[in-house]
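Starting from the known structure of chain S, arrange chain V on it as the hints suggest.
What follows is the residue order along each chain.
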Amino acid sequence: MNGEFERFVWKQIERKLAASGVARSQGALARFVSIARQALPGERDGATPAPVGAGETQTLTRFALYFRRADMTVELNANTGEPMSWICPKFADGNAPLTPPEAMRVAEAAAKLPPNAVLLQQGYEDIGGRPVFVAHWEHREDGVLVERDYIRVLVSGHSGRVFAIQRRWHDVDLNPSER
Amino acid sequence: MDEATAKQIASDARPEHDVPAGYAIRGAERRIIEISESAVDVTPLVRDVRVWIVRFQAGIAWAELAVDEATRTVVRMQRSRAP
Chain S
1 MNGEFERFVW KQIERKLAAS GVARSQGALA RFVSIARQAL PGERDGATPA
51 PVGAGETQTL TRFALYFRRA DMTVELNANT GEPMSWICPK FADGNAPLTP
101 PEAMRVAEAA AKLPPNAVLL QQGYEDIGGR PVFVAHWEHR EDGVLVERDY
151 IRVLVSGHSG RVFAIQRRWH DVDLNPSER
Chain V
1 MDEATAKQIA SDARPEHDVP AGYAIRGAER RIIEISESAV DVTPLVRDVR
51 VWIVRFQAGI AWAELAVDEA TRTVVRMQRS RAP
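Keeping their order, the protein sequence lines are chains S and V. To convert, note that position 15 of the first sequence is 15 in the working numbering; the numbers rise steadily by one, no gaps. To convert, note that position 29 of the second sequence is 29 in the working numbering; the numbers rise steadily by one, no gaps.
Just so you know, the hints here were simulated from the structure itself, not pulled from any lab data. All of these numbers come straight from a predicted model, not from anything done at the bench. Even glycine gets a Cβ: it sits at the ideal position worked out from N, Cα and C. It is possible that part of the hints are untrue.
Short, incomplete list of chain V residues facing chain S, as computed with Cβ under 10 Å [what the hints assert, rightly or not]:
no.	residue
1	R26
2	R30
3	P44
4	D48
5	I53
With the rest of the complex left out, here is chain V:
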């Protein structure tokens, strides 16, 4: 998956992850992240995932969507504290 595709997938996923409309894409980078696969009440299983981290920003507020290169889905969303 190239950077442009990752940005497009992240943009399309904005509504379901509540990324505000005023946030603009500020960049993307490849990264390897850990994703927990287990329910809360069992021993946690973790796997590494190769993703594109797509960053949205408005002023100092930001949100990042992690797009799994293999499945082309958003596997994690992180955001700054509410401004």
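With the rest of the complex left out, here is chain S:
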């Protein structure tokens, strides 16, 4: 039923587009639009849609259409599932630049800083021809550098939004463990 329903929705979209002079196949549209069937009130997931009325052959179905607005790349730790990094270039678009202190506050809020994070670098840089505020923290235990641990947050100088975070951090453990 779901496959039949999806085909119906795709056909509707294609018809609407064709009527407005745009011809797109489902394959091309699927890059930008996705369809997700949703349960009606009181309906369990995957149940057959209920008839609209007694003796009716029509059924009522609820669905959501999702439109792709941007690509985001996310890295997860395969052992813990914790996010290690994400980047969404779309978040760098805009026109709401921040002063360095404002950008630093935005970066700190996004970084979720652990107690032993020590600020190493902050300031605007030219990255790929665009102004980017870079905030970089390193991990120190009692003043001793924990090699390879760091948090790096990039705030767009155009949008004033965080558009990338890289995080490698672990609790120091002198006993052998899986990581």
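Same frame as chain S, but now just chain V:
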């Protein structure tokens, strides 16, 4: 372990880690590093080790020996690519 002791242990370990004679000690710093404890064919176990990183250098070429503070042994060697 103090810095001088770490440098001495690293200097004594130069031959077994092929640190060229022309390399001079350029500095040392305390660091916490990760060391893998497992064989290649099993799930890797990793532990943190408090070390002194002793750096040897000749021009742009360098080698670093990590001296474990607890065992006073070299637990890692890293070097620049051959000049």
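(request) List, from low to high, the hint numbers that the structure doesn't satisfy. (result) Violated hint (a single one): 1; every other hint is consistent with the structure.
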